[in-house]
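S.K.: Listed below are the residues making up each chain.
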Amino acid sequence: MAINHLKTAEFDAAVDAAPLAMVDFWASWCGPCKMLSPVVEAIAEQYAGKALVGKVNVDEEPELAARFGVMSIPTVVFLKDGREFDRKVGVMPAEAFTSVLDENL
Amino acid sequence: MSYDVLVIGGGPAGLSAALNVRARGRSVLVVSNPLEENPLWRAEKVDNYLGLPGMSGPQLLTALRRHAEEAGAEFCAGKVLNAVRMGDTWYVSIGSDMENAKALVLAAGVARGKKFPGEAEFLGRGVSYCATCDGMLYRGKPVAVLGYGDAARREAEFLQSIGCSVTYFDRPKHCAITGGTQVEAVTCDGETVPAAGVFLLRPTMAPTDLFPGLAVENGYVTVDRRMATNLPGLFAAGDCTGGPLQVSKAAGEGLVAGQSAAGYAAELSRKTNLK
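In order, the protein sequence lines correspond to chains D and S. Quick note on numbering: our numbering labels position 58 of the first sequence as 58, and the sequence is numbered without any gaps. Quick note on numbering: our numbering labels position 25 of the second sequence as 1025, and the sequence is numbered without any gaps.
Treat the hints as calculated values from the structure; they're not laboratory data. Hints are not guaranteed to be accurate.
For lysine-lysine, the following BS3-like pairs were computed, each having C-alpha atoms within a straight-line distance of at most 25 Å [what the hints assert, rightly or not]:
| # | chain 1 | residue 1 | chain 2 | residue 2 |
| --- | --- | --- | --- | --- |
| 1 | D | Lys-7 | D | Lys-34 |
| 2 | D | Lys-88 | S | Lys-1141 |
| 3 | D | Lys-88 | S | Lys-1114 |
| 4 | D | Lys-88 | S | Lys-1173 |
| 5 | S | Lys-1173 | S | Lys-1115 |
| 6 | D | Lys-7 | D | Lys-50 |
Cβ-Cβ distance ranges computed for the label pairs, FRET-style [as the list claims (entries may be wrong)]:
| # | chain 1 | residue 1 | chain 2 | residue 2 | range |
| --- | --- | --- | --- | --- | --- |
| 7 | D | Pro-62 | S | Pro-1194 | 19 to 25 Å |
| 8 | D | Asp-16 | S | Met-1001 | 39 to 45 Å |
| 9 | D | Gln-46 | S | Asp-1150 | 42 to 48 Å |
| 10 | D | Ala-48 | S | Gln-1160 | 15 to 21 Å |
| 11 | S | Pro-1194 | D | Asp-102 | 40 to 46 Å |
| 12 | D | Ala-17 | S | Ser-1165 | 23 to 29 Å |
From the structure, some residues in chain S lie toward chain D, with a derived Cβ separation under 8 Å [unchecked claim]:
| # | residue |
| --- | --- |
| 13 | Leu-1123 |
| 14 | Ala-1185 |
| 15 | Thr-1222 |
| 16 | Arg-1225 |
Note that the Cβ used here is the ideal one computed from N, Cα and C, for glycine as well.
Take the sequences, apply the hints, and build the full model.
M.R.: Okay, structure coming up:
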């Protein structure tokens, strides 16, 4: 299982350790999030060993959602050495995410 | 639940498409606003629908809807917010639900009005098109709802019920959304209120917001004679493809789009079965 469910306590350590990370902020009551979920899971498998692909449940981790200013879900945040450098809001095809990863690998 | 065809919009084009999908023996789901919110509902008289002169908008819509229902079309009240194709399947989100289909027919009418200043810039940073999706992120905060219909009122009530403090603007004409990195205020028709979130609840999404990459011309969806768009498995019919914005034209295009979508779904099933 290549997808990481990230909790607040372990978030920083996890993304700091990864040269490249992609984090999907989601919630169970969000229809568009359910749609994006298989896309993110496929990307997690595809980039296993190359990038950290994680998910953050905004209901369970409101601190993380607030820290990243997530105001609409799904929001996918890209981080390099723990720092955000790009984000995508809403459901998009896989290529919208993989193109960002590929450019920054 | 998986359908052969999913139709976005329950006006004359969408209902005609659904009827014709059923006529080809395929399953179909119609996602639409309540009938009373269709622009045709407000027509006092429709005098140019061949063979049925003098019918009122509500009479005509009710008859069309009943016909599609009796043919076995399924219905779901709601607004499609996102659509994305993965593999050979279209996935569509409707509020907090998700459905999928082999082919789609876009028959959602025309999205009236341009985007407001600040709308695109603040999308995802305070601007939202779906109260049930994003409302929870605004608990305890001031939000503004720019509502265009009864469904918008219900979404505003939902926001209130989960603890947002809601200012409701009823069909505002001129709005501007302002802020820094996130939304801070909205001004509608001269009145400014502070808001962390602005929910823009229009009856219909602009086709290009729903389908990134969709080819349009002057805001109308580009289609060929089979009512196929440039995206695989996506067909379009009715007002969203351009004028005249009339019932007969919509019903005719719906028929073609429904048959094309049913044919597309049948072809996909045949290919899948061969594999």
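S.K.: A separate judgement is required for each hint: does it hold in the structure or not?
M.R.: Evaluation of the provided hints:
The suggested pairing of Lys-7/D with Lys-34/D holds, with an alpha-carbon distance near 19 Å, which does not exceed 25 Å. A threshold of 25 Å between alpha carbons decides the hint, and for Lys-88/D with Lys-1141/S the separation of about 24 Å falls inside it, so the pair holds. For the hint linking Lys-88/D to Lys-1114/S, the alpha-carbon distance of about 23 Å falls within 25 Å, and the restraint holds. Between Lys-88/D and Lys-1173/S the CA atoms are separated by roughly 29 Å; this puts the pair beyond 25 Å, and the hint is violated.
In summary, the hint linking Lys-1173/S to Lys-1115/S is supported, as the alpha carbons are separated by about 11 Å, within the 25 Å threshold. With a C-alpha separation of about 21 Å, the suggested pair Lys-7/D and Lys-50/D falls inside the 25 Å cut-off, and the hint holds. With their beta carbons about 22 Å apart, Pro-62/D and Pro-1194/S fall inside the hinted range of 19 to 25 Å. Checked against the given bound of 39 to 45 Å, the beta carbons of Asp-16/D and Met-1001/S, roughly 43 Å apart, stay inside it.
Between Gln-46/D and Asp-1150/S the CB atoms are about 44 Å apart, so this pair conforms to the stated range of 42 to 48 Å. Checked against the given bound of 15 to 21 Å, the beta carbons of Ala-48/D and Gln-1160/S, roughly 44 Å apart, lie outside it. Range check, Pro-1194/S to Asp-102/D: about 41 Å between beta-carbon atoms, so the 40 to 46 Å window is met. Between Ala-17/D and Ser-1165/S the C-beta distance comes to about 41 Å, which lies outside the given range of 23 to 29 Å.
Satisfaction of the interface hint for Leu-1123/S is found here, the shortest Cβ-Cβ separation to chain D being roughly 6 Å, below the 8 Å cut-off. The closest approach between the C-beta of Ala-1185/S and any C-beta of chain D is roughly 15 Å, which is over the 8 Å cut-off, so the hint fails. Interface hint at Thr-1222/S: violated, since its Cβ lies 20 Å from the closest Cβ of chain D, which is beyond the 8 Å cut-off. Below 8 Å, beta-carbon pairs count as interface contacts, and Arg-1225/S has none with chain D, the closest being about 27 Å; its hint is therefore violated.
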